Amino acid sequence: MTALNTPAPARPATTPPPVPWRRLAWVSWRQYRTSAAGAVALLGVLALYLVIMGLRIRGAYADAAACSLAAPGKGCVGAFMLFDNDYFLIAETTAAALLAVPALTGVFAGAPILARELDSGTFRFAWTQGAGRTRWTLARLALPAVALTAAAAAFSQLFGWFFYPFFAGREFAQASAFAPIYFTLTGIAFAAWALAAFAIGAVAGVLIRRVVPAMAAALAAWSGLLLATLLYLRQHYQAPLTARAGQTSLSSWVIGNWWTGPNGRRVTSEHQIIALLNGGVHRGYAQWAIYQPGTRYWHFQLIEGGWLLALSLLLIAATIWIVRRRAA
Amino acid sequence: MPPEGQRGPGSPIEFRLDAASGVPTYLQLVQQVEHALRLGYLKPGDQLPKVRDVVASLAINPNTVLKAYRELETKGLAAGRPGQGTFIEATLSQVALPELATLHRSLLGWLASADVAGLDEDGIVALFSSALRDFFDRRGGHRDSRGGASAGTEGVA
Amino acid sequence: MNVIETSGLGKRYHQTWALRECTLAIPAGHVAALVGPNGAGKTTLLNLAVGLATPTAGVVTVLGGLPAGSPAALDGIAFVAQDAPLYKNLSVADMLHLTGNLNRRFDHGYAQERLADLGIPLKRKAGKLSGGQQAQLALTLALGRRPRLLVLDEPLANLDPLARHDFMAMVLAAAAEDGMSVVLSSHVLTELERVADYLILVSGGRVQVADEVDGLLARHRVLTGPAAEADRIAQRLSVVHARRAEAQAHLLVRTSGPADPVPPGWEAHRVSVEELVLAYLREPGAAALPGPARTQQAQPTEVSR
Chain A
1 MTALNTPAPA
11 RPATTPPPVP
21 WRRLAWVSWR
31 QYRTSAAGAV
41 ALLGVLALYL
51 VIMGLRIRGA
61 YADAAACSLA
71 APGKGCVGAF
81 MLFDNDYFLI
91 AETTAAALLA
101 VPALTGVFAG
111 APILARELDS
121 GTFRFAWTQG
131 AGRTRWTLAR
141 LALPAVALTA
151 AAAAFSQLFG
161 WFFYPFFAGR
171 EFAQASAFAP
181 IYFTLTGIAF
191 AAWALAAFAI
201 GAVAGVLIRR
211 VVPAMAAALA
221 AWSGLLLATL
231 LYLRQHYQAP
241 LTARAGQTSL
251 SSWVIGNWWT
261 GPNGRRVTSE
271 HQIIALLNGG
281 VHRGYAQWAI
291 YQPGTRYWHF
301 QLIEGGWLLA
311 LSLLLIAATI
321 WIVRRRAA
Chain B
329 MPPEGQRGPG
339 SPIEFRLDAA
349 SGVPTYLQLV
359 QQVEHALRLG
369 YLKPGDQLPK
379 VRDVVASLAI
389 NPNTVLKAYR
399 ELETKGLAAG
409 RPGQGTFIEA
419 TLSQVALPEL
429 ATLHRSLLGW
439 LASADVAGLD
449 EDGIVALFSS
459 ALRDFFDRRG
469 GHRDSRGGAS
479 AGTEGVA
Chain C
486 MNVIETSGLG
496 KRYHQTWALR
506 ECTLAIPAGH
516 VAALVGPNGA
526 GKTTLLNLAV
536 GLATPTAGVV
546 TVLGGLPAGS
556 PAALDGIAFV
566 AQDAPLYKNL
576 SVADMLHLTG
586 NLNRRFDHGY
596 AQERLADLGI
606 PLKRKAGKLS
616 GGQQAQLALT
626 LALGRRPRLL
636 VLDEPLANLD
646 PLARHDFMAM
656 VLAAAAEDGM
666 SVVLSSHVLT
676 ELERVADYLI
686 LVSGGRVQVA
696 DEVDGLLARH
706 RVLTGPAAEA
716 DRIAQRLSVV
726 HARRAEAQAH
736 LLVRTSGPAD
746 PVPPGWEAHR
756 VSVEELVLAY
766 LREPGAAALP
776 GPARTQQAQP
786 TEVSR
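Protein chains in written order, with this note's numbering: chain A, 1 to 328; chain B, 329 to 485; chain C, 486 to 790.
For the record, the hints were derived by calculation from the structure and aren't laboratory data. A quick note: this is a predicted structure, and the numbers were derived from the prediction, not measured. Treat the hints loosely; a few may be bogus.
[Unchecked claim] Chain C regions said to be covered by chain A (calculated; three or more residues, Cβ under 8 Å): (1) 553 to 566; (2) 573 to 583.
[As the list claims (entries may be wrong)] Not everything, but these chain C residues come out facing chain A in the computed CB check (under 8 Å): (3) Val-535; (4) Leu-537; (5) Asn-586; (6) Ala-601; (7) Ile-605; (8) Lys-608; (9) Ala-642; (10) Thr-709.
Yeah, the Cβ is synthetic: ideal placement off N, Cα and C, and Gly gets one too.
Take the sequences, apply the hints, and build the full model.
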């Protein structure tokens, strides 16, 4: 049998040492660089806005608060109402818009990582290198996941600072940090939702294999999950309490309220409502609220953060498992 | 640009390939070395182009070059020196120039007769190849393992 | 050592078998050409060998018994897929760093020398290179890993003749220098004879031919003679493919060697790789595999006027 000059010296067939993580981290960073830059730019712009607007709000709040110092005990309903008129709408709208941040950054970071490789065929290069596909996938996912979560955590701190004047205890505090949207933007929930968006994006990317459809699907799934949490899940982390309306503290989350009639039962029929409206409060009608007390805020944050983290880790593990099983 | 040519530190010749000739590649290389020896381009002691260089410029299989060089070794024309390359060891028996001229003239005469008899070029080649084979077969002389010369016709009824 | 060894290897995608009952042993130290029509199963076979796909049936091992796709196998095999995939938005230098960081062993000096020879600028984005340059870059990255086996899937498909020549020259020079084995697939037959010394012919998901080129050419020849005697000859000899006219027939036969006697009244011609491949492709039932021969008496199929 003819053979070339000297076939390469037989190297021992023992398993070679794995490629070090440091090197894989470079790979992950290098390929993540551009989208990271984009995300940083976007967050930077938003942060700048929050800082500028936040400073204005705090200034106006200080002015309103000065009124109550000047005339203690009189209350400064007027001053605070003016303050709310001017600034609450902006703050509220900002908050609603910020809800999109964890969704978009997570999905935009997570989905393309695997979708682009599979769509463009570069996985045929990446998965035949010495490092192997498992380590490669782990490195490609871990770095952006950690960076994204850290950035989101920092961002939610900024938001907390921004919105503080509206949370602070005062006669006409307009908002509770426990309210659905604000709860999602503060504490650790924001970071957890960003990580979840990333993980959902990653698994969508490896399943759908095309960038834009994967992002769309991930966005839809994340939104559905958020909606389900806001409307149903979160209320039930702990059994809610019931009390007379108006007796709940300002920092609690009032989930719903209802009226009871003189007979102690819920007001449901139309003519009872009419009677109520004709001054029924003095005839034995009472308003009740079902709520979560403000003291449970951090407890709930930990629960939500916890299950979102678990879900994210599960989805990332699933992504890696799918990568291992994927045929060409 | 890729390095052109196969001149290592000291091979006087370069190979070329005739893809359409029907002659196996390794045989073309052997023939080119023998031809170069006859014409004086190569002398004993000269180095043949390095295998890697031949391969890089002709884009042929390395084993083909190795086979050609082994064939030359078998014929006693070349020898490999480990770590250095393959070198020409001997030369082909030289035929003196006047004798060559005489042979050339008598060949032209024969060709004239063949032409008169009605053979065309291909017919002449076929006849000559067959006679060549017969001659060396009878003589028991060296034939390479592929059955020699050009168009590969191996047996005529 | 066999660089790729398969036993009853098969791969099914949904309901179709892309590859079936593939049993091969490609020895080291060769440039093996995997040849066959489009869709024959070449890419499937290569994907199985480099670990991009897992078998539905059978076994594939590489580099002397390592499981395909295992860390040791990935370490020793470099693969360039069809269309030479690269990260288009990374620069050439970045691709070098990337490959270096994804492997235990990478010869940066060699790679940079090759790129300099080829005139490929390090700063340019990979996507901005020409098709030929991209193929060369992908090849350089693969060779820089100093693999024991280089696997190429249709590497020459989009290259012009000069680029093809330069590409193969680089592959063969590396094979000559390091003793690296090569397995490459192609559906273009020209130039194969110069480049390959081992031939694997795949058609319809099955392997028809797997043997050294020298041996194949020594054991096949074309017999030309009277058409009337063609059937009689076919009884005695193993005919792969026959072409007949009214008076004359050409039979591509498989013999036991060049010394096999030529039937009286017939001429024997040397067969080229291209002719051999085409003949087998026209006869799906024929096979020339080392070991127990599957003798197929081919029926004369082509009648030329």
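Checked hints:
For a cut-off of 8 Å, the count of residues in the stretch 553 to 566 of chain C with a CB near a CB of chain A stands at 10, and the three-residue condition holds. As drawn, the stretch 573 to 583 of chain C meets chain A at 6 residues by the rule of a beta-carbon pair under 8 Å; at three or more, the given contact holds. A hinted interface residue such as C/Val-535 counts as satisfied when its beta carbon comes closer than 8 Å to some beta carbon of chain A; here the least separation is about 5 Å, so the hint holds. A hinted interface residue such as C/Leu-537 counts as satisfied when its beta carbon comes closer than 8 Å to some beta carbon of chain A; here the least separation is about 4 Å, so the hint holds.
Given hint, C/Asn-586 at the interface with chain A, holds; its Cβ is 4 Å from that chain's nearest Cβ, closer than 8 Å. Hint on C/Ala-601 is violated. Least Cβ distance to chain A is approximately 22 Å, over the 8 Å limit. Nearest Cβ of chain A to the Cβ of C/Ile-605: about 17 Å, over the 8 Å cut. The hint is violated. A least Cβ separation of about 15 Å between C/Lys-608 and chain A goes past the 8 Å threshold, and the interface hint is therefore violated.
About 14 Å separates the beta-carbon of C/Ala-642 from the nearest beta-carbon of chain A, more than 8 Å, and the hint is not met. The closest approach between the C-beta of C/Thr-709 and any C-beta of chain A is roughly 30 Å, which is over the 8 Å cut-off, so the hint fails.
When the structure is compared with the earlier hints, violations turn up for hints 6, 7, 8, 9 and 10 and for no others.
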